[in-house]
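K.L.:
Starting from the known structure of chain A, arrange chain B on it as the hints suggest.
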Amino acid sequence: AQKITQTQPGMFVQEKEAVTLDCTYDTSDPSYGLFWYKQPSSGEMIFLIYQGSYDQQNATEGRYSLNFQKARKSANLVISASQLGDSAMYFCAMRDQGGSEKLVFGKGTKLTVNP
Amino acid sequence: NAGVTQTPKFRILKIGQSMTLQCTQDMNHNYMYWYRQDPGMGLKLIYYSVGAGITDKGEVPNGYNVSRSTTEDFPLRLELAAPSQTSVYFCASSSHRNAGAFSGNTIYFGEGSWLTVV
Numbered sequence: 001a002q003k004i005t006q007t008q009p010g011m012f013v014q015e016k017e018a019v020t021l022d023c024t025y026d027t028s029d030p031s032y033g034l035f036w037y038k039q040p041s042s043g044e045m046i047f048l049i050y051q052g053s054y055d056q057q058n059a060t061e062g063r064y065s066l067n068f069q070k071a072r073k074s075a076n077l078v079i080s081a082s083q084l085g086d087s088a089m090y091f092c093a094m095r096d097q098g099g100s101e102k103l104v105f106g107k108g109t110k111l112t113v114n115p
Numbered sequence: 001n002a003g004v005t006q007t008p009k010f011r012i013l014k015i016g017q018s019m020t021l022q023c024t025q026d027m028n029h030n031y032m033y034w035y036r037q038d039p040g041m042g043l044k045l046i047y048y049s050v051g052a053g054i055t056d057k058g059e060v061p062n063g064y065n066v067s068r069s070t071t072e073d074f075p076l077r078l079e080l081a082a083p084s085q086t087s088v089y090f091c092a093s094s095s096h097r098n099a100g101a102f103s104g105n106t107i108y109f110g111e112g113s114w115l116t117v118v
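These protein sequence lines are chains A and B, in that order.
Count the first sequence with our numbering and you get residues 1 to 115, in order.
Count the second sequence with our numbering and you get residues 1 to 118, in order.
Keep in mind that the hints were calculated from the coordinates and are not lab data.
Bear in mind the structure is a predicted one, so any value in this text is a computation, not a measurement.
Be careful, since some hints might not be right.
Below 20 Å or equal to it, Euclidean Cα-Cα: the simulated SDA-like pairs (lysine to any residue) are [as the list claims (entries may be wrong)]: (1) B:LYS9 <-> B:LEU115; (2) A:LYS110 <-> B:MET41; (3) B:LYS44 <-> A:ASN114; (4) B:LYS44 <-> A:MET89; (5) A:LYS3 <-> B:THR7; (6) B:LYS44 <-> A:TYR32; (7) A:LYS110 <-> B:VAL88; (8) A:LYS3 <-> B:ASP38; (9) B:LYS44 <-> A:GLU61; (10) B:LYS9 <-> A:GLY43; (11) A:LYS107 <-> B:LYS9.
Far from chain B by the CB rule (all over 10 Å, computed), these chain A residues [claimed, not checked]: (12) GLN8; (13) VAL19; (14) SER87.
Every residue gets a Cβ at the ideal spot worked out from N, C-alpha and C, and that includes glycine.
Here chain A stands alone, though its shape is the one from the complex (with noise of 0.2 Å):
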């Protein structure tokens, strides 16, 4: 069975500085997709970046990128200029490789950018 742990429930951040939040997943398949999710107070889901296990290059989206080490199994999110408006929650999940696409979520890390 495919697993995420985030094993910092909070995080808190200066304004503009760089913050990571980490992920590790476990999976037995070789093929397999990561994401971050972030959630505001608003409780919509926010799509922010996907890795690809095959994907040679670690992904980036604008202030967004994930340090992708396959061999460690962790897929941590950097978040690089922090802004007030990035203090949420911040979900990392696996995509099933069963062929219906299915997401398998952690915890959550709740992150708090300070002025």
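P.N.:
Leaving out everything else, chain B in the frame of chain A:
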């Protein structure tokens, strides 16, 4: 751009009552999902469907039922509501992608439905 639409957004139920959460998508996606999110937790899969007429259980299906009579609609039925079903419910949809064509931003979530059972 409607995307995935869930109704109602908020609902209070009494123990033992039943209700249906509605979910509609207008993207012609074949895959649809219902997740629940308990306070301070990640999302857990309740039921999913890979096409009209096909449904399957997820991680936490007890106390729920679904149907998929059309591609667009995937209602979630709560029978005999219990306090343990107090949660936020998310409907989502996606389209099947061949290996190598997956971009990541292909799973679309509704805005969530807040349900309280008292």
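K.L.:
Would you mind marking each hint as holding or not holding in the structure?
P.N.:
How the hints compare with the structure:
1. B:LYS9 <-> B:LEU115: holds (8 Å)
2. A:LYS110 <-> B:MET41: holds (11 Å)
3. B:LYS44 <-> A:ASN114: violated (31 Å)
4. B:LYS44 <-> A:MET89: holds (16 Å)
5. A:LYS3 <-> B:THR7: Given that 20 Å is the threshold and the Cα spacing comes to 30 Å, the pair is violated.
6. B:LYS44 <-> A:TYR32: holds (18 Å)
7. A:LYS110 <-> B:VAL88: holds (17 Å)
8. A:LYS3 <-> B:ASP38: holds (18 Å)
9. B:LYS44 <-> A:GLU61: Distance ~26 Å between LYS44 of chain B and GLU61 of chain A Cα, so the pair is violated.
10. B:LYS9 <-> A:GLY43: With a Cα-Cα distance of about 11 Å, the restraint between LYS9 of chain B and GLY43 of chain A holds, given a limit of 20 Å.
11. A:LYS107 <-> B:LYS9: Violated, at roughly 23 Å.
12. GLN8: At about 13 Å from chain B, GLN8 of chain A clears the 10 Å cut-off, so the statement holds.
13. VAL19: holds (19 Å)
14. SER87: holds (16 Å)
Hints 3, 5, 9 and 11 from the earlier list are contradicted by this structure; the remaining hints agree with it.
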